[in-house]
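Number of protein chains: 2
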Amino acid sequence: VGILDADITGPSIPKMFGIHTRPEGSEAGMLPVSSGTGIKVMSLNLLLPDENEAVIWRGPIIGKVITQFWEEVIWGQLDYLIVDLPPGTADAPLTVLQTLPVSGIIIVSSPQDLATMIVKKAVHMAKTLKKPIIGVIENMSYLYVPEIKKKIELFGPSKGEEMAQATGAPLLAQLPIDPELAQLCDNGEIENYTSEVIDKLGQYLSKMSLSSPKDSKDS
Amino acid sequence: VGILDADITGPSIPKMFGIHTRPEGSEAGMLPVSSGTGIKVMSLNLLLPDENEAVIWRGPIIGKVITQFWEEVIWGQLDYLIVDLPPGTADAPLTVLQTLPVSGIIIVSSPQDLATMIVKKAVHMAKTLKKPIIGVIENMSYLYVPEIKKKIELFGPSKGEEMAQATGAPLLAQLPIDPELAQLCDNGEIENYTSEVIDKLGQYLSKMSLSSPKDSKDS
Chain A
163 VGILDADITG PSIPKMFGIH TRPEGSEAGM LPVSSGTGIK VMSLNLLLPD
213 ENEAVIWRGP IIGKVITQFW EEVIWGQLDY LIVDLPPGTA DAPLTVLQTL
263 PVSGIIIVSS PQDLATMIVK KAVHMAKTLK KPIIGVIENM SYLYVPEIKK
313 KIELFGPSKG EEMAQATGAP LLAQLPIDPE LAQLCDNGEI ENYTSEVIDK
363 LGQYLSKMSL SSPKDSKDS
Chain B
163 VGILDADITG PSIPKMFGIH TRPEGSEAGM LPVSSGTGIK VMSLNLLLPD
213 ENEAVIWRGP IIGKVITQFW EEVIWGQLDY LIVDLPPGTA DAPLTVLQTL
263 PVSGIIIVSS PQDLATMIVK KAVHMAKTLK KPIIGVIENM SYLYVPEIKK
313 KIELFGPSKG EEMAQATGAP LLAQLPIDPE LAQLCDNGEI ENYTSEVIDK
363 LGQYLSKMSL SSPKDSKDS
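Protein chains in written order, with this note's numbering: chain A, 163 to 381; chain B, 163 to 381.
Same shape as in the complex, but just chain A (with noise of 0.2 Å):
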């Protein structure tokens, strides 16, 4: 599995990963970085001097960088690449969209309205674009508090469903707030998380028979 950071302003994947090696170039193109369980990462935030400093760019070079990742990249043998979006349906996601082979989508939500709307956005992209919706994952969907063994819904009712019905694409899960989470993020070892519901969700997406962006791109 590979993953492209194409949130090139809000780089967040090589934190969460705990990867802060520097890619490695060749003549041929520049190697991504391998995480602790092998997961090939590239991302703007591995080739600056300091994770802090910022990229000024505009648009076009932001499309530009994604192509980059994409086409000069030495991404070897994949099951899956995925990418890596900002929210919104700015650069960032209608070059993806315009200039790589995506097979599918993957909506990422929460139960506000608001979010709800900006999601909608973005189906609406990726039906203007002709882009296929694999599925819907409802993120921040509760709190569970032990103390008192109950769920509260933090920001409102799920719209997991009504998600799924506007995307035509099944609820794949439903993610709870976890304070765990935050701290492995932070900490950079989130491939240590465990927990039911990631693990069904990975069991369905292994399941899905998907063309790989290799194929597609070779094709």
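One or more hints might be untrue.
Since copy identity is lost for identical chains, a pair holds within one copy or between any two.
With a straight-line Cα cutoff of 20 Å, these simulated SDA-like cross-link-like pairs (lysine to any residue) come out [claimed, not checked]:
hint, residue 1, residue 2
1, Lys226, Met192
2, Lys313, Asp340
3, Lys292, Val217
4, Lys292, Gln327
5, Lys293, Ile218
6, Lys311, Pro341
7, Lys226, Val264
8, Lys289, Trp219
9, Lys289, Glu213
10, Lys293, Trp219
11, Lys289, Val217
12, Lys313, Leu343
13, Lys292, Ala344
14, Lys312, Pro341
15, Lys369, Gly266
16, Lys289, Thr199
17, Lys289, Arg220
18, Lys292, Trp219
19, Lys293, Thr261
20, Lys289, Asp212
21, Lys292, Ser265
Derived by calculation from the structure, the hints in this document are not laboratory data.
Let chain A serve as the given structure and place chain B on it in line with the hints.
Chain B alone, transformed into the frame defined by chain A:
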């Protein structure tokens, strides 16, 4: 007070304020729409036939819309014009900082290291473009659970002071996650929200002396 919604691809201001009126135009320009308490709002979502519709625009057009919202909207006499920006350091913030006579920037962060990193990039951007940072607000700082009379730090311990140091600006407020606020936002009733933290923040901000944007524009 006016609010210019510069989050063109994810505009959430009208929904939070329950504004659905289309802005009226005249030869002199377009009129902002007033909220229940008289805040003047201009947002791309007010101009779309359906709030869920997506604008699939690249950076240059996004920048142009923001410039038009500043130059061609008849804001009238305002104490303050607040410009709401999306996260990151792409076209929208760049256009605002380079084109509008910004008196100061309020940085909104959250306690996660990940968020702090992205916000530090924004701080870096502000410093590069020599724009003053007025203060820092930490959002989603904690959740208060009444049943157990306890604050839960969902995203880890506060990074507020760290952010204040990084920016050299005061920590203006630590806002909790509040399901009531989420509900009010979804209902378009954000103006009905009251809390001690917000009251204090309002008092602090009203005491600040900033040059009015309209003055700056005239000068």
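Hint check results:
For a Cα distance limit of 20 Å, the shortest separation of Lys226 from Met192 inside one copy, 15 Å, qualifies, whereas the shortest one across copies, 35 Å, does not. In this assembly of identical chains, Lys313 and Asp340 lie within 20 Å of each other by CA distance both inside one copy and across copies; the values are 12 Å within and 15 Å between. Taking CA atoms no more than 20 Å apart as the test, Lys292 paired with Val217 passes between copies only; the shortest distance there is 15 Å, against 31 Å inside one copy. With identical chains, the CA atoms of Lys292 and Gln327 are at most 20 Å apart within one copy only, with a shortest distance of 17 Å there and 47 Å across copies.
Taking the closest pair of Cα atoms, Lys293 and Ile218 come within 20 Å of each other only across two copies (14 Å); inside a single copy the shortest separation is 30 Å, beyond that limit. Taking the shortest Cα distances, Lys311 and Pro341 sit within 20 Å of each other both inside one copy (16 Å) and across copies (18 Å). For a Cα distance limit of 20 Å, the shortest separation of Lys226 from Val264 inside one copy, 17 Å, qualifies, whereas the shortest one across copies, 29 Å, does not. For the homomeric pair Lys289 and Trp219, the shortest alpha-carbon distance between copies (15 Å) is at most 20 Å, but the shortest distance inside one copy (28 Å) is not.
Proximity of Lys289 to Glu213 under the C-alpha cut-off of 20 Å is restricted to the inter-copy arrangement: shortest distance 16 Å between copies versus 35 Å within a copy. For a Cα distance limit of 20 Å, the shortest separation of Lys293 from Trp219 across copies, 17 Å, qualifies, whereas the shortest one inside one copy, 27 Å, does not. In the homo-oligomer, the alpha carbons of Lys289 and Val217 lie at most 20 Å apart only across protomers (13 Å), although the nearest pairing inside one protomer, at 31 Å, exceeds that limit. Taking identical chains as interchangeable, the C-alpha atoms of Lys313 and Leu343 lie at most 20 Å apart whether they share a chain (17 Å) or sit on different chains (18 Å).
Taking CA atoms no more than 20 Å apart as the test, Lys292 paired with Ala344 passes in neither setting, with 34 Å inside one copy and 33 Å between copies. Proximity of Lys312 to Pro341 under the C-alpha cut-off of 20 Å is found in both arrangements, the shortest distances being 15 Å within a copy and 15 Å between copies. Only within a single protomer do Lys369 and Gly266 lie at most 20 Å apart by alpha-carbon distance; the minimum there is 15 Å, versus 51 Å between protomers. For the homomeric pair Lys289 and Thr199, neither the shortest alpha-carbon distance inside one copy (35 Å) nor that between copies (38 Å) is at most 20 Å.
In this assembly of identical chains, the alpha carbons of Lys289 and Arg220 lie at most 20 Å apart only when taken from different copies (17 Å versus 26 Å within one copy). Within a single copy, Lys292 and Trp219 get their C-alpha atoms only as close as 28 Å, which misses the 20 Å cut-off; across copies the closest is 16 Å, which meets it. In this assembly of identical chains, the alpha carbons of Lys293 and Thr261 lie at most 20 Å apart only when taken from the same copy (12 Å versus 36 Å across copies). Within a single copy, Lys289 and Asp212 get their C-alpha atoms only as close as 38 Å, which misses the 20 Å cut-off; across copies the closest is 16 Å, which meets it.
For the identical chains of this complex, Lys292 and Ser265 are intra-copy neighbours only, at 11 Å inside a copy versus 43 Å across copies, given an alpha-carbon limit of 20 Å.
Checked against the numbered hints given earlier, this structure breaks hints 13, 16; the rest are met.
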